[in-house]
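Number of protein chains: 2
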Amino acid sequence: MPEIATLESLEQIMVRQRAVRTFTDQPADDALVERLIDAATRAPSAKNVQLLRFIVVRDRALKQQISRLFEQSSEVVPGGPTPWEEVPVLIFVVSDDPFGASPTGALALAGSVYPGIQNLLLAAQAAGLGSVLTTSRGKLKEPEIKKMLNLPDDFQIHAVLPIGYPAVKLGKNKRKPVGEVAFRDRFGEAW
Amino acid sequence: MPEIATLESLEQIMVRQRAVRTFTDQPADDALVERLIDAATRAPSAKNVQLLRFIVVRDRALKQQISRLFEQSSEVVPGGPTPWEEVPVLIFVVSDDPFGASPTGALALAGSVYPGIQNLLLAAQAAGLGSVLTTSRGKLKEPEIKKMLNLPDDFQIHAVLPIGYPAVKLGKNKRKPVGEVAFRDRFGEAW
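Those protein sequences? They're chains A and B, same order as listed.
In this note's numbering, each residue's number is its place in the first sequence (first place is 1) plus 88.
In this note's numbering, each residue's number is its place in the second sequence (first place is 1) plus 88.
Isolated chain A, as found in the complex (with noise of 0.2 Å):
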């Protein structure tokens, strides 16, 4: 069954997806990038809005000004998170808003952003490449960091990517079993 093989290499690129906060200085070329944009913009997006749009950050400038507002040291500790400067590539993820503030709305963006965000990672895992998905950052400084980026008034951001080759070689993920996140029928009966 060639599926099964498939599904195989799949998992096996699943099961290595790691937070990667510490990067060598290798940069990671433009080729490379685009291919994991072109991988985020695979997945599905509500009514196919395709709405994702990205921001490669390679300025060194405008890196340091991203890294001082997130009063994040610029301090190089060894073993220790690279300072957002010095990082490679920093891919802002931002998108407007086409489907309005109500429930349903809310879950159509949110349905239509971060499926894309997870091509994007797993496309840099199977690249060697790591990344660390970040969504809080960005939003905690989102007129700064709007305004630095000459982003629309009405859009956001969803994420910020730091891009680079892992400093650190990091061993499969260990996840619950499915036997404690699976239910039969009802929440509650046994898989």
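There is no bait here: all hints are sound.
Put simply, identical chains are the same to the list, so a pair is met inside one copy or across any two.
With a straight-line cut-off of 35 Å between C-alpha atoms, the simulated DSBU-like cross-links for lysine-lysine are:
1) 264 to 234
2) 264 to 235
3) 135 to 234
4) 257 to 229
5) 229 to 135
6) 229 to 260
7) 264 to 135
8) 257 to 135
9) 264 to 229
10) 262 to 235
Simulated from the structure, these hints should not be mistaken for laboratory data.
Since we're looking at a predicted model, the values are computed, not measured.
Starting from the structure of chain A, add chain B where the hints point.
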């Protein structure tokens, strides 16, 4: 470069992810459903809370109740969407909310939910199964569905995923090119 080979195999899966709404009556066996859920658990979650739970509905009477609730005709239209009671498996993706109602809390929740759902959908695609991410159906009828599924009060429904073998072979997805969705350093600056 073995990493690039891995990225290529991942891209092959992602480029073929399509919304599947018409299914054959071939069942999807438990061992495979279990692998899809395991794939979902591998995605990142804020503070590694691993909050997602999966209710796998196969019971025909329950699927009929759900189908009626969604006001979808049970009439079989050749080539049209499969009535939900005929879909082999319905997976309800649910969770509580450990993050609270602040804007950063909402992002942390969404960023902990949809990456897992996307993993599940990609794994389905890789296994030759089809699905479609529906977010609003469960939300619109949330009180009724919560009762049917014995969901605790503090849980919410993020998505309902019909799972089965696609009745129609679909081609690759079509998306905006990277040049239209990516910017360099600042919004509006050409990639």
